[in-house]
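**Student:** Residue strings, one per chain:
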Amino acid sequence: AGAGAERRSGKELTKVGSSGGEMWSRTLLKSLRGARQSSQQSGERSLGTLCIVEAKDGAGGLDSASKATLACAQKHLPKPFVALVASDAKGASEAAAGEIASLAGVETVLHGVSDKEGANGLLAEPLSQVVAALVGKLEPTHVVTGSNTFGKNLLPRVAALLDSAPITDVVQVVDESTFVRPIYAGNALSTVKFVGKGPLLLSVRTTAFGSEALETAQGAGAEVASVGAEEVAAGAAAEALSEWVGEEKSESERPQLDAARVVVSGGRALKSKENFEMLEKLADQLGGALGASRAAVDAGMCSNDLQVGQTGKVVAPELYLAIGISGAIQHLAGMKDSKTIVAINKDPEAPIFKVADYGLVGDLFKIIPELAEKLPSQK
Amino acid sequence: GEGGGGWKAAMRVVVGIKRVIDYAAKIRVKPDGSGVDTANVKMSMNPFCEIAVEEAVRLKEKGLAKEVIAVSMGPQASQDTIRTALAMGADRGVHVLTDAKLQPLSIAKLFKSIVQREDPKIVLLGKQAIDDDCNQTGQMLAAIMDWSQGTFASQVAVADCQERVSVTREVDGGLETLSLKLPAVITTDLRLNEPRYATLPNIMKAKKKKIEKLTPEELGVDVSSQIEVLSVREPQARVGGKVLESVDELVDKLKNEAGVL
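Chains as they are written, first to last, in this note's numbering: chain A, 1 to 379; chain B, 1 to 261.
Hints should not be assumed to be uniformly reliable.
Facing chain A, from chain B, some residues (calculated, C-beta under 10 angstroms) [unchecked claim]: (1) V36; (2) D131; (3) S154; (4) R164; (5) S166; (6) R238; (7) V243.
Within a straight-line C-alpha distance of at most 30 angstroms, the following computed BS3-like cross-link-like pairs (lysine-lysine) qualify [claimed, not checked]: (8) K30/B <-> K193/A; (9) K210/B <-> K121/B; (10) K253/B <-> K346/A; (11) K207/B <-> K66/B; (12) K193/A <-> K281/A; (13) K66/B <-> K193/A; (14) K181/B <-> K90/A; (15) K249/A <-> K181/B; (16) K242/B <-> K374/A; (17) K273/A <-> K354/A; (18) K374/A <-> K253/B; (19) K62/B <-> K253/B; (20) K281/A <-> K62/B; (21) K281/A <-> K242/B; (22) K255/B <-> K60/B; (23) K354/A <-> K181/B; (24) K253/B <-> K366/A; (25) K137/A <-> K208/B; (26) K207/B <-> K346/A; (27) K354/A <-> K30/B; (28) K42/B <-> K208/B; (29) K66/B <-> K213/B; (30) K271/A <-> K210/B; (31) K271/A <-> K249/A; (32) K26/B <-> K339/A; (33) K242/B <-> K339/A; (34) K281/A <-> K253/B; (35) K253/B <-> K66/B; (36) K101/B <-> K366/A; (37) K137/A <-> K193/A; (38) K354/A <-> K207/B; (39) K101/B <-> K354/A; (40) K60/B <-> K242/B.
What the hints contain is simulated information worked out from the structure, not anything from laboratory work. Using N, Cα and C, we set each Cβ at its ideal position, and we do this for glycine too.
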């Protein structure tokens, strides 16, 4: 079985770079296997970190959560690292793999585990089995992914399969086994240490690592390869558990909420969906993204993916405009790390004013049009 | 249950609930940095767990479930939380009594033992507890049971055949719908439903409902932690700024003081 696997993996290697690539990649696999065998004897793990990133079709490159994951691995976690690209489309996973291969610290980029029709490949049941099998083969000390809905859905499932307690939503790496994560809607920060036998699985908050620029490698890029057939096969049985039926996505030309430089966010006081559209114009004028409080989403003024808060998106833009938002603890949890916060509310006692750098007390239906008129266009 | 044509309500549903600091309470970190102060603070059922109980009770009211079992793990006071679930309509409770600080992986293992005893078709959990904000337990339970998982659910619809459930999830890009094979673990998100208040007659009725008491030892689960909390601190406080007089002043400040325009 061992020899068979070697032959299969050899056939699936794709050549990247110069013609010396193919020979180099076979040697690489041999040395990885050799390292694993000797590590099994010595009890030490051979690989540093396994990064799991998601590349969605039509997303136009790596998303902010994936970049934050790679930045964390590059700057704070043991090297070298192997990146696994999970995707719902072959083109997207290949493109992302190529992008990652040029980064410093990467040894191999694996893709092709989940390039299936209709986003089946991102489902947690089969993917978690594939990741667990890959961990068994590569023996990384750390496994890292982003703390977005993809990572939140996947990582704990992988962790349980490996009987390892994960550390999720990390905002700071103290050392390779010590991390800081927010609790109680960010009203407290907990410093925790992993004392299990490993591997150590963690997910990282985009806003905590997203601004660290990714370093490119000197010289030739890393090997890009398909995930081995054995690992892919590990997920086969679990495919029967779930089926992707459909999605309702908000299509928008605006920047992604968790990566935008400016966020224009509306609350309950907007009163209606039509009024909410007034904010869209302001967002476009500022070249920003649209956000919302839970109350606005609950009232049907906008879609759920705009929700900023403890259980929604966490953002830290240069400028956050909180319009008609009272500033409940749960909302603050999602935006209090913004560089500049502006609050516009008719209630001078609203808690939002305690965290805002600048506030305007008044009728937002008068203030917003005036603001739109007087703000320079950023487009 | 009689024989004949259609499907009967055969399903048992297990709901997990957690007692946490009330969502509106002010959080105080202990001066020694060992944790958050819970003494004399209002405790309540985790809001996402309330939504889970509500969804389970609705399944019963729709005739899709025959029994709802509310399960909580924690100290003696967790009983109060189970009583609330019973008052909302759960049929009976299970309390795993322990003073140990439980982490999601241990909780998932305890749930596995309960699930093996109770044989439910659906386990409903809140997507996260508002104290540790982990968002892990549901996914872990599904893994160790080798079940399907529908996390961050905003809509749940059991298929007529009762062998599958359709779950619409709130994800980063919007909404996603999956069809899951039963049995399944489903974790609830905010907009799945609006939980009912327990009425006084139901609170009185709940006192007669049974709560079984178990311990981790009886269930054969090791609840020791792989993660140590070294310290807890408050984040750096954000200093409030100033309320301005006009839009002109705001634009000026944003341009010339904050430099964000």
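**Student:** Each of the hints needs a verdict: does it hold here or not?
**Tutor:** Okay, the hints, checked on the actual structure:
Hint status for V36/B relative to chain A: holds, with the closest Cβ pair at about 6 angstroms, below 10 angstroms. Interface restraint check for D131/B: the shortest CB-CB distance to chain A comes to about 6 angstroms, inside 10 angstroms, so the restraint holds. For S154/B, the interface hint holds, the least distance from its beta-carbon to any beta-carbon of chain A being 7 angstroms, beneath 10 angstroms. A hinted interface residue such as R164/B counts as satisfied when its beta carbon comes closer than 10 angstroms to some beta carbon of chain A; here the least separation is about 9 angstroms, so the hint holds.
At its closest, the beta carbon of S166/B sits 7 angstroms from a beta carbon of chain A; the interface hint therefore holds under the 10 angstroms criterion. A distance limit of 10 angstroms between C-beta atoms decides the matter here; for R238/B the minimum to chain A is near 5 angstroms, and the interface restraint holds. Checking V243/B against chain A: minimum C-beta separation of about 4 angstroms stays under 10 angstroms; hint holds. Between K30/B and K193/A, the direct Cα distance comes to roughly 19 angstroms. Compliance with the 30 angstroms bound is thereby established for this hinted pair.
At roughly 21 angstroms between alpha-carbon atoms, K210/B and K121/B fall within 30 angstroms of each other, so this suggested pair holds. Restraint check for K253/B and K346/A: the C-alpha separation of about 20 angstroms stays at or below 30 angstroms, so the hint holds. As the CA atoms of K207/B and K66/B are separated by approximately 20 angstroms, the hinted pair is consistent with the 30 angstroms bound. Among the hinted pairs, K193/A with K281/A is inconsistent with the structure: their alpha-carbon atoms are about 46 angstroms apart, more than 30 angstroms.
About 44 angstroms separates the Cα atoms of K66/B and K193/A, which puts this hinted pair outside 30 angstroms; it is violated. For the hint pairing K181/B with K90/A, the CA-to-CA distance comes to about 27 angstroms; that is within 30 angstroms, so the pair holds. Among the hinted pairs, K249/A with K181/B is consistent with the structure: their alpha-carbon atoms are about 24 angstroms apart, no more than 30 angstroms. Our distance criterion of 30 angstroms between C-alpha atoms is met by K242/B and K374/A, whose separation comes to about 20 angstroms.
Between the alpha carbons of K273/A and K354/A the distance comes to roughly 28 angstroms, so the proposed pair stays at or under 30 angstroms and holds. Taking the CA atoms of K374/A and K253/B, the gap is about 13 angstroms. The hint holds against a cut of 30 angstroms. Pair hint K62/B plus K253/B does not hold up; C-alpha atoms about 57 angstroms apart against a cutoff of 30 angstroms. The hinted pair formed by K281/A and K62/B fails the criterion: a straight-line CA distance of about 44 angstroms is larger than 30 angstroms.
Taking the CA atoms of K281/A and K242/B, the gap is near 26 angstroms; set against the 30 angstroms cutoff, the hint holds. Distance restraint check for K255/B and K60/B: the Cα-Cα separation of roughly 58 angstroms exceeds the 30 angstroms cut-off, and the hinted pair is therefore not satisfied. With a CA separation close to 48 angstroms, the supplied pair K354/A and K181/B exceeds the 30 angstroms bound. This hinted pair checks out: K253/B and K366/A have alpha carbons roughly 19 angstroms apart, not beyond 30 angstroms.
Distance hint between K137/A and K208/B is unfulfilled; the C-alpha atoms sit about 54 angstroms from each other, more than 30 angstroms. As the CA atoms of K207/B and K346/A are separated by approximately 46 angstroms, the hinted pair breaks the 30 angstroms bound. Between K354/A and K30/B, the direct Cα distance comes to roughly 23 angstroms. Compliance with the 30 angstroms bound is thereby established for this hinted pair. For a cut-off of 30 angstroms, the pair hint linking K42/B to K208/B stands: about 25 angstroms separates their Cα positions.
Of the supplied pair hints, the one linking K66/B and K213/B holds, its CA atoms being roughly 22 angstroms apart against a limit of 30 angstroms. For a cut-off of 30 angstroms, the pair hint linking K271/A to K210/B is broken: about 46 angstroms separates their Cα positions. As the CA atoms of K271/A and K249/A are separated by approximately 23 angstroms, the hinted pair is consistent with the 30 angstroms bound. The straight-line distance between the Cα atoms of K26/B and K339/A is roughly 24 angstroms, inside the 30 angstroms bound, and the hint therefore holds.
For the hint linking K242/B to K339/A, the alpha-carbon distance of about 15 angstroms falls within 30 angstroms, and the restraint holds. About 21 angstroms separates the Cα atoms of K281/A and K253/B, which keeps this hinted pair within 30 angstroms; it holds. About 62 angstroms separates the Cα atoms of K253/B and K66/B, which puts this hinted pair outside 30 angstroms; it is violated. Between K101/B and K366/A the alpha-carbon distance is near 52 angstroms, which puts this suggested pair outside the 30 angstroms criterion.
A threshold of 30 angstroms between alpha carbons decides the hint, and for K137/A with K193/A the separation of about 26 angstroms falls inside it, so the pair holds. Distance check on the hinted pair: K354/A and K207/B sit about 44 angstroms apart at the alpha-carbon level, beyond 30 angstroms; violated. Among the hinted pairs, K101/B with K354/A is inconsistent with the structure: their alpha-carbon atoms are about 34 angstroms apart, more than 30 angstroms. Between K60/B and K242/B the CA atoms are separated by roughly 53 angstroms; this puts the pair beyond 30 angstroms, and the hint is violated.
Taken one by one, the earlier hints fail for this structure at numbers 12, 13, 19, 20, 22, 23, 25, 26, 30, 35, 36, 38, 39 and 40, listed in ascending order.
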